[in-house]
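Q: Chain by chain, the residues:
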Amino acid sequence: MHRLALLVLLIAPAQAQPTDWATLTPGLGPAVPLAGGFGDGPWEAGLGAHARVEAPLYGGRVRAALWATAYEDPGGAVPGFVLAVPTLGWGPFVDAGRVRLGAGGRVGAALLRVDDDDAGRLQTETELAVGAWGGGAVRLGRVEVWAEAEATHLTLSTPVTLVTGGGGLALRLDAPRWLRAVLR
Amino acid sequence: MTALVLASLLTLTPADSLDARCPNGEVVTRAELDAAGATTIHDALRLTARVDGVTTDGFDPIPALGLGVPFAEPVRVLVDGAPAARGAGPEPLGLEALPIAVAEIERVVVCLGAGVAGGALGGPWIDVQTAPPAPALAGAASYGNESGDPGPFRYLDPSLPNVDKVGPDYEAAIVTRAPAAVGWMALRDRDFLPTDPAIFDRTRVATARYPKRNGPVLAVAARAAGLRMRLGVRWFEDLPFLPETGREVPLDHTSAQATVSGERSWGALRVWGHGHAARVEVDRPDRSLVPLDPSWDETRLDGALAARLGGARRSVAAGVQAERAAVSAGAFGDRIAVGRAWAEGRTTLDGSGLAVTLAGAAAGGGLGVGLVSEAWWRPARGFVLRAEGSARRSLAEERRALGVWAARGYEGLPIDAPEAAPLDVARLRLATRVDRGAAWAEASVEGQRAGGLARGTAGLARLGAGWRGATLVLRADARVQGALSGSAPFREAWGRLPRLRAALDARAPLDGRVALWARLDGRSGAAWTEGDVPAMLLLDLGLSKRAWDDRLRLSLAGRNVLGAEERTHPLGASLEPRLFVRAEARL
Chain A
1 MHRLALLVLL IAPAQAQPTD WATLTPGLGP AVPLAGGFGD GPWEAGLGAH
51 ARVEAPLYGG RVRAALWATA YEDPGGAVPG FVLAVPTLGW GPFVDAGRVR
101 LGAGGRVGAA LLRVDDDDAG RLQTETELAV GAWGGGAVRL GRVEVWAEAE
151 ATHLTLSTPV TLVTGGGGLA LRLDAPRWLR AVLR
Chain B
1 MTALVLASLL TLTPADSLDA RCPNGEVVTR AELDAAGATT IHDALRLTAR
51 VDGVTTDGFD PIPALGLGVP FAEPVRVLVD GAPAARGAGP EPLGLEALPI
101 AVAEIERVVV CLGAGVAGGA LGGPWIDVQT APPAPALAGA ASYGNESGDP
151 GPFRYLDPSL PNVDKVGPDY EAAIVTRAPA AVGWMALRDR DFLPTDPAIF
201 DRTRVATARY PKRNGPVLAV AARAAGLRMR LGVRWFEDLP FLPETGREVP
251 LDHTSAQATV SGERSWGALR VWGHGHAARV EVDRPDRSLV PLDPSWDETR
301 LDGALAARLG GARRSVAAGV QAERAAVSAG AFGDRIAVGR AWAEGRTTLD
351 GSGLAVTLAG AAAGGGLGVG LVSEAWWRPA RGFVLRAEGS ARRSLAEERR
401 ALGVWAARGY EGLPIDAPEA APLDVARLRL ATRVDRGAAW AEASVEGQRA
451 GGLARGTAGL ARLGAGWRGA TLVLRADARV QGALSGSAPF REAWGRLPRL
501 RAALDARAPL DGRVALWARL DGRSGAAWTE GDVPAMLLLD LGLSKRAWDD
551 RLRLSLAGRN VLGAEERTHP LGASLEPRLF VRAEARL
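Chains A and B, in that order, are what the protein sequence lines are. In terms of this note's numbering, the first sequence opens at residue 1 and continues consecutively. In terms of this note's numbering, the second sequence opens at residue 1 and continues consecutively.
Check the hints yourself; a few may be wrong.
[To be verified] Here are the simulated SDA-like cross-link-like pairs (lysine to any residue), alpha carbons at most 25 Å apart as the crow flies: (1) B:Lys545 to A:Ala181; (2) B:Lys545 to A:Ala132; (3) B:Lys545 to A:Arg180; (4) B:Lys545 to B:Tyr170.
Don't read these hints as lab results, they were simulated from the structure.
With the hints as constraints, model all of the structure from the sequences given.
A: And the structure:
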């Protein structure tokens, strides 16, 4: 069995690689925190959402993604906030029949909006975000069912690393010729 | 006809080109700026190994070079080979005050050198060379952020400070073309918050509004029939650090400048020159809470004409230049006029060559002279040996730093060291370069002897190597420099620059549409009278992507991603990891 799996992994990259930007695969799904709250703070995350668009590029897949979730302090001592993390990433993948396994890195921004009515305070903040993901997808025709784990590091003055799990559906579309021309 | 420019030498034969006149110079190309994700003009200096930039907030590092008495002689900045006005009087002399859009920059040449440039001989200079930014229309937006914001944690610890934000910055340009001419107009708007914890206590109490450095620049340029014309305007609400006061001071900058330059040939005779006029006003704004008045009005006029007779093997050249600066600052008013003349002979034999330049400058009854000789020998294919020797006395009137005006009666800001003395610098430099296929290596040693402002002897040694492949370009540089002997002010000036510096630069253009770039830059610490600056190891990264047949350019740039303590001034900010995004359209 192990030999078979190894053979699949070895053969998979040798399969014909999709042309760069040949397809666009938008996907959407929930994201749930796998570890704790927000650093050492009192905030706890609610259910978040993850949206992304993927395309084949340079032998891997490029991904523009947006993850957003709300954090609240159950005790109500400090204001809650909404965290949105737009990122751009790339990662290699292997195809094994209907299954695709992949991992990658990403970089982007963490946008925070604090629920604070005090006009004298900054209500929004932008910070650097870097992260990595690993997961897979099962192809059912043009529809893909995907599941992943992600780690996102926010370079705040008190650094925070957030781990989330997510899954959802994606739809593989052929990129229009004009769009491929623009992206190339 | 004949308003002309030294910059037009760029379009001439290699023997006459500006690069050839600066054999020890460093060039940063548009491709390198793109790959590095450059969002500012001074980003180009970060890509060089010989220029050290000094900044308190990261907005606009002041270029400093290891030459003579560092910081004593301001680096001259040229645009397309002709003089360009940056700051005036109390204003710091970085590159961001230039009325140039980043999208216009085609390449940047940095020269330590001794030759003629911009109509004058000697002194370090930086030439920002421009080109039409697009076929017809251009637009760009960039944004940067430094890590370390408190985010929601400020509710748990109210003492956590906010950190700097860079941008959003915007650029736009329109280009018009005719069969034999091109013209364009470019607009750039910058925005920066100098709120780093290290400086916030100074900037917060200096201004009645939230600390900010922002404003637009506008450039109009045209080229036709060997002529270049450029008009630049800048309006800036600024909050720069003024060394004379040891703090940030609000000021409003308004300036306008115009340059006409070009060249023309008649057989073996080539004539070139420039005319430059600038008006720079620095005012104390109503928002200023600092009890100092940096007001300064300055008008500059500069004209140069030069001619070369002969071919690539043998030529003689001569030029004259005249410049005048008139200043009004409160009750102070004065003017300085400088006249210069130079002559050069150049001969090239099989595999070797010799050039000698003699120059003189006169101002206020003083006389400065300079002698430069360059000799080169190619003993084998791809192997060059070069020797340069120079001796130059520059008059205080040529430097026109604030200390020079203070020596003439300016009392607007407290100046510790009025400067009236000339600066004497003698240099001897030996260099070699070997090219083998796609690889190259170079080495140089240099000795300098300075007198006048401060006396002493300094030494510089440099090693460089590189390799250029189809999809990967590697470059390595290492240098050591410092005072060997001399007076305390001389040693102190050299001590402010890193003694050791080494950089490894890798650029992968891949398929021409995507480029990856990384630069590892290590610098030793430096010592100022106000305190020490730490050694640092900086890793910068860049990712750029061109799309739609190069009409769209997207870049992502990381600076100091390892999180080293990046600081170049003892009273300045420690610049944390920064991320910059730039989107550009060239239609």
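Q: Work down the list of hints and note, for each, if the structure agrees.
A: Here is what the structure says about each hint:
no. : hint                 : in the structure
1   : B:Lys545 to A:Ala181 : 14 Å, holds
2   : B:Lys545 to A:Ala132 : 21 Å, holds
3   : B:Lys545 to A:Arg180 : 14 Å, holds
4   : B:Lys545 to B:Tyr170 : 19 Å, holds
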